[in-house]
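Participant: Protein chains in written order, with our numbering: chain A, 1 to 303; chain B, 1001 to 1317; chain C, 2001 to 2475.
Any given hint could be a false lead.
[Claimed, not checked] Using 25 Å as the maximum straight-line C-alpha spacing, the simulated DSS-like pairs for lysine-lysine come out as follows: (1) Lys1302(B) to Lys35(A); (2) Lys35(A) to Lys138(A); (3) Lys94(A) to Lys1310(B); (4) Lys2212(C) to Lys2084(C); (5) Lys2322(C) to Lys1277(B); (6) Lys1312(B) to Lys1010(B); (7) Lys94(A) to Lys1080(B); (8) Lys1010(B) to Lys1302(B); (9) Lys2361(C) to Lys2351(C); (10) Lys2415(C) to Lys2130(C); (11) Lys2395(C) to Lys1277(B); (12) Lys1183(B) to Lys1302(B); (13) Lys2231(C) to Lys2212(C); (14) Lys94(A) to Lys1312(B); (15) Lys94(A) to Lys1302(B); (16) Lys1310(B) to Lys35(A); (17) Lys2322(C) to Lys2212(C); (18) Lys2217(C) to Lys2231(C); (19) Lys2351(C) to Lys2395(C); (20) Lys2351(C) to Lys2130(C); (21) Lys1010(B) to Lys1112(B); (22) Lys1312(B) to Lys1302(B); (23) Lys1112(B) to Lys1302(B); (24) Lys1112(B) to Lys1080(B).
[Claimed, not checked] Label pairs and their calculated CB-CB ranges: (25) Met1201(B) to Ser263(A): 32 to 42 Å; (26) Tyr1160(B) to Glu2420(C): 27 to 37 Å; (27) Asn1204(B) to Thr2049(C): 21 to 31 Å.
[Claimed, not checked] Partner residues aside, some chain B positions facing chain C, computed with beta carbon under 10 Å: (28) Ile1040; (29) Arg1110; (30) Trp1141; (31) Pro1145; (32) Ile1158; (33) Tyr1160; (34) Glu1161; (35) Tyr1163; (36) Leu1164; (37) Leu1166; (38) His1230; (39) Thr1282; (40) Arg1285.
Derived by calculation from the structure, the hints in this document are not laboratory data. Glycine included, C-beta positions come from ideal geometry on N, C-alpha and C.
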Amino acid sequence: MDISIFIQILVWGLYAGCIYILLAIGLNLIFGVMKVVNFAHGELLMIGAYVTFWLYSSSGINPYLVVPISTFIMAILGILIERFGFRPIRGTGKLNEIFLSLGLIYLLQNSAALLWTTNSRTIHSPYSDILVPLGTIKLPLDYIIIIIATILFLIAFQLFMKKTTIGRAMRATSQNREAAALMGINVERIDMLSFALGSALAAVAGSLWLISGQMVNPYVGSLPAIKAFAVIIIGGLGSIPGAIIAGLILGIAENVVPVIIQSLVAVFNVEMSFTAWKDTIAFLILIIVLILRPTGLFGKKGE
Amino acid sequence: MNREKIISVKTCLGFISFLIALLMPHIFGVSQYLLTVLIIMLVFILYSSAWNLLALSGQGSLGHAAFFGIGGYTSAIVVKSLGLPPLATILAGGIFAAFIGVLIGLTCVRLKEWFLAMVTFGFAVLAHTITLELPGLTGGWDGLPVQKVIPVTVHNYIMYEYYLVLITTVIVLFVIYQIMNSKVGLAFEAIRENELEANVMGINVMKYKLTAFAVSAFFSGIAGALEIHHFGYITPEVYGIDISFWPIIYCVSGGLCTIEGPILGTIIITLLDESLKNFGWTYERYIMIGLILILIVRFLPKGFVSVPEKIKAYLRS
Amino acid sequence: MRKHAILATVLVVIALFACGVAQSEETEQQGVGEIRIGVVAPLTGGASTTGNDMWQSAVLSAEEINANGGVNVSGVNMNITLVKGDTETSREGGVKAVTKLITVDNVDILVGGFSSGITYADQVVAAEHKVPFIITGASSPIITRRDDIDTNYFFHHCPTTDDYPDSTLLFVDDVVKPEIYERFNFSEDRPLRLAVLYQDSKYGEGVYDGIKKVIEKHNLNMDIVAAEKFKMSETDFRTVLTTIKASNPDVLYPAAFLNEQTLIVAQGRRDVGLNNIYLSVECNDDPDYYSGVENWGEYSIQESRFGPYAVPSGDIHDAVVKFRDDFEDKWGTSPSMMGASTYEGVYIAAKAIEDAGNLDKSNIRASLAALEMPQIIEVMQNGVIAFSPDYRESKFELYMQQLISNETLDETRPKIVWPESVKETDFVLPDWYEPGSKAEEQTPAAPTPKGPGFEAVVAIASLFAIAYLVLRRSK
């Protein structure tokens, strides 16, 4: 296979990986601090994208500029979900959290369908006509913005967690909740903040995804969310670097592996299309990792 | 009020509802529509109870449609290739689903809570993909025509079908009830409460977890086979996400880990759904279902079955 | 106390149950001098937009027929009453709805049926009761061909996946290929390089099979150089389009739904730079397509039988415009093509009952089989609606549209370019078009391994490096 084609496919994988990473980090943060899993995290991505669409279509300004506003709105929604959904059922069992998020999925998906109908919505990016030549391939500017934005977000996130008081409190809470509470950290406030931050990251992922030429409809959230779960399971629960690496691996693998298999079986004169196997490959990786290493590639023992 | 009396009340009620169900075709006449609705409801009662059994051992599955579909496909394929009557193949569907259930259970046995939820969900996707990749056997996307349990030519066949499904459901419920009240059921509960302690007390956790998977998959497979033999056609839509999620909604709203929970949950939610539909509600209906689920988890963690207790507590205070 | 509480709950449950039953029994008995038509459509659930469109179109045609004095059945004028059958976009719902229409509402004939998967399940009930069913929304040819049930009562008034590629490929062979070959001086015996990108579903596979059948049937000089699948409601087609581009196609034929088609064209033209002629299957002629695909859809080809913008010229023109205006007046939205065939379905049912002279179902069936009526708002082959004797399918004359950019709207609009009888304008081969050259001709100076995408490699490597640093520091 031509090397430039391979590189182009690699870039598509990188782009998909960026979205998974943003989503997975938010999910991971919430899990780390609260030890709850929000299965409806993908729905936050979907609502975030809708809010951006709504702000954009009612104001008509550059869509990249409305992303911070929709991120803020989603952070507030995240706080509400935490306060009235997950906080009251804390400690009543993991199954209850799964059921609650199932209810949230039904609630959010159908509310979006009611508010914005089920027709797919798009945002016309102002830069959609600009192609940046990189060697033999040409990349639309929007992708480069997304990749750079993701890297910047990761660096900012890392600095926030390491340098600020709140970030330190979050890390302390995720290491040992009781001890953190004894040290005078208001753990409930930390819960709320981490949920807000997680929702905000989901909104960023959803908005960037929409602006880069994707569509949003009420059902787009589930698949990226499932991939994000796979990412944090593969990377190890609570491990941010694990999530980054696993996100990249998953994004690239699901794009590259089908093409490789296809060219491999072509050697034996079998013409078969494996591109529809993208999602199945994600689950296969997940299942294999869980069988071999139940705590994930970078997970701590006994988590 | 002593314990025996409560049980006897419950048994009484169970018996009365069984009688009502039994007389249904005679009260309202043999209405094909009514009986079709009831058959689908019974199939889902059976299926939700199977899911509930797995939850009893502390394992929540988000991909039970895999067993439902495998049961259906197995039965359809056996009927087609061996020419056996559907009555026998429904059992085959259950057995093969149980076999797959044990395999999945083996990979899942070390996983808990939402790891397990994710992996079971993944297996449903996998089952869907594999079914599609074997078009020679499964008909691929076109699916397979399936023989009906009772041939359409029989007069009032729908009534016999109804009784067949009813009796199967009652038998399965009885078996599940026996399991729940046996040593196995106690072991399941012990594992659900605390796996480590159960292990220390000498319960073979792995064995019991696999048993739960196998039995639950077996009954789900039977439910799937019953449904497709009632419809007369099977397509890969049986692996739908909805099919995985409905039993959870039914069980949680009815009452987890109780025998009457899935029954009550299925009936109430189905009726609610049907009546909201008459208002012309579409998305609002699902919003309601989502809200009900959230509110139940929050305020009524034991489901509808605990409503009498709540009322009693309220009256006493 | 407890006993009472439990009893109360049970009573409530039973009461609720009785209500549900009563509701279903409540439907009024059949009035004399009335024809009852059951409309089977997904009014709720995933496909509710299409379902409501089908219902609204059916209402429109029933009102028109009733306003014109109803249906003359052996000298008695009977009005049409429509009964809703909501399939909820699920198999369970479909079976329930059709059973209710037949056994509780006692309908004389069924019209509608969207989605083949659901129709497979609910048509079993119709076959059992021998109720004629005019299927206007399911694209699988198997619906009237399956042999496990008696399909004699099913009449398919909707193009099937076997029909879609027929017109499209004949058009490509007839118009597109000569244009390309002339501009690039290809010899006549060079086969046209066709790439297929199909949805991994009954629908997508049906179209792909249809393409192969059509090439064989008409002995077309075409090679399928790539055949790739994608999962339903996929949103990222970049990788698969990149692989397709590597196979150097002349023309790309996606078999996709609206959302997917929009993304395939936009991502193919913009991100991957696949500057081909894009074909499309008929169901995508929808306002959302034109707004979603932006100007990337310019010059792409669409198959259609009824659409929001283009109107076929010829005899049928006025009828189409009237239907569209009436629909918009009544419902405030524009009708879709599933609505158009359902609208016709009610007319077909009325005509069949008139021909039969009574409401006996086997007579209605017989008159449907012998039916021959002029086309209504969709172009039919030979201008008549008639069901083929073998599999009871009506034959549509599908037309081809090309998307032309409209400066004032900043969107594209379709113009009919084929066949001759209904066309509005000529096909244009865009300037940016690039044909797929033969593999031998291609091999230009092989790209040096370091040159191409070097920056991309560096970018990826640096990302890994950052990830590594982050990882190391957190330990």
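Participant: Now, for every hint given, state plainly whether the structure supports it.
Facilitator: Status of each hint after checking the structure:
1. Lys1302(B) to Lys35(A): The given pair, whose Cα atoms are some 23 Å apart, holds under the 25 Å limit.
2. Lys35(A) to Lys138(A): 43 Å, violated
3. Lys94(A) to Lys1310(B): 24 Å, holds
4. Lys2212(C) to Lys2084(C): Distance ~39 Å between Lys2212(C) and Lys2084(C) Cα, so the pair is violated.
5. Lys2322(C) to Lys1277(B): This hinted pair is violated, its Cα atoms lying about 33 Å apart.
6. Lys1312(B) to Lys1010(B): OK: Lys1312(B) and Lys1010(B) at ~16 Å, within 25 Å.
7. Lys94(A) to Lys1080(B): 43 Å, violated
8. Lys1010(B) to Lys1302(B): 17 Å, holds
9. Lys2361(C) to Lys2351(C): 14 Å, holds
10. Lys2415(C) to Lys2130(C): 43 Å, violated
11. Lys2395(C) to Lys1277(B): Distance of about 36 Å is beyond 25 Å: violated.
12. Lys1183(B) to Lys1302(B): Within the cut-off at roughly 23 Å; holds.
13. Lys2231(C) to Lys2212(C): 21 Å, holds
14. Lys94(A) to Lys1312(B): 29 Å, violated
15. Lys94(A) to Lys1302(B): 15 Å, holds
16. Lys1310(B) to Lys35(A): 30 Å, violated
17. Lys2322(C) to Lys2212(C): The hint is violated at about 38 Å.
18. Lys2217(C) to Lys2231(C): 29 Å, violated
19. Lys2351(C) to Lys2395(C): The hint holds at about 18 Å.
20. Lys2351(C) to Lys2130(C): Satisfied, since the Cα-Cα distance of roughly 19 Å is no more than 25 Å.
21. Lys1010(B) to Lys1112(B): 33 Å, violated
22. Lys1312(B) to Lys1302(B): 15 Å, holds
23. Lys1112(B) to Lys1302(B): Roughly 21 Å between the alpha carbons, so the hint for Lys1112(B) and Lys1302(B) holds.
24. Lys1112(B) to Lys1080(B): 39 Å, violated
25. Met1201(B) to Ser263(A): 32 to 42 Å: Roughly 55 Å apart at Cβ, these two residues miss the hinted range, so it is violated.
26. Tyr1160(B) to Glu2420(C): 27 to 37 Å: 60 Å, violated
27. Asn1204(B) to Thr2049(C): 21 to 31 Å: Violated: the Cβ-Cβ distance is about 54 Å, outside 21 to 31 Å.
28. Ile1040: At about 5 Å, which falls below the 10 Å cut-off, the nearest Cβ of chain C leaves the hint on Ile1040(B) intact, so it holds.
29. Arg1110: At about 26 Å, which exceeds the 10 Å cut-off, the nearest Cβ of chain C leaves the hint on Arg1110(B) violated.
30. Trp1141: 4 Å, holds
31. Pro1145: 3 Å, holds
32. Ile1158: 9 Å, holds
33. Tyr1160: Because about 14 Å separates Tyr1160(B) from the closest Cβ in chain C, which is outside the 10 Å limit, the hint is violated.
34. Glu1161: Check failed: Cβ of Glu1161(B) comes no nearer than 12 Å to chain C, outside 10 Å.
35. Tyr1163: Since chain C brings no Cβ nearer than about 18 Å to Tyr1163(B), farther than 10 Å, the hint is violated.
36. Leu1164: It is violated, given that the least Cβ distance between Leu1164(B) and chain C is near 17 Å, above 10 Å.
37. Leu1166: Constraint on Leu1166(B) not satisfied, violated at 15 Å.
38. His1230: 8 Å, holds
39. Thr1282: 4 Å, holds
40. Arg1285: 7 Å, holds
The structure does not agree with the numbered hints 2, 4, 5, 7, 10, 11, 14, 16, 17, 18, 21, 24, 25, 26, 27, 29, 33, 34, 35, 36 and 37 stated previously, though it agrees with the rest.
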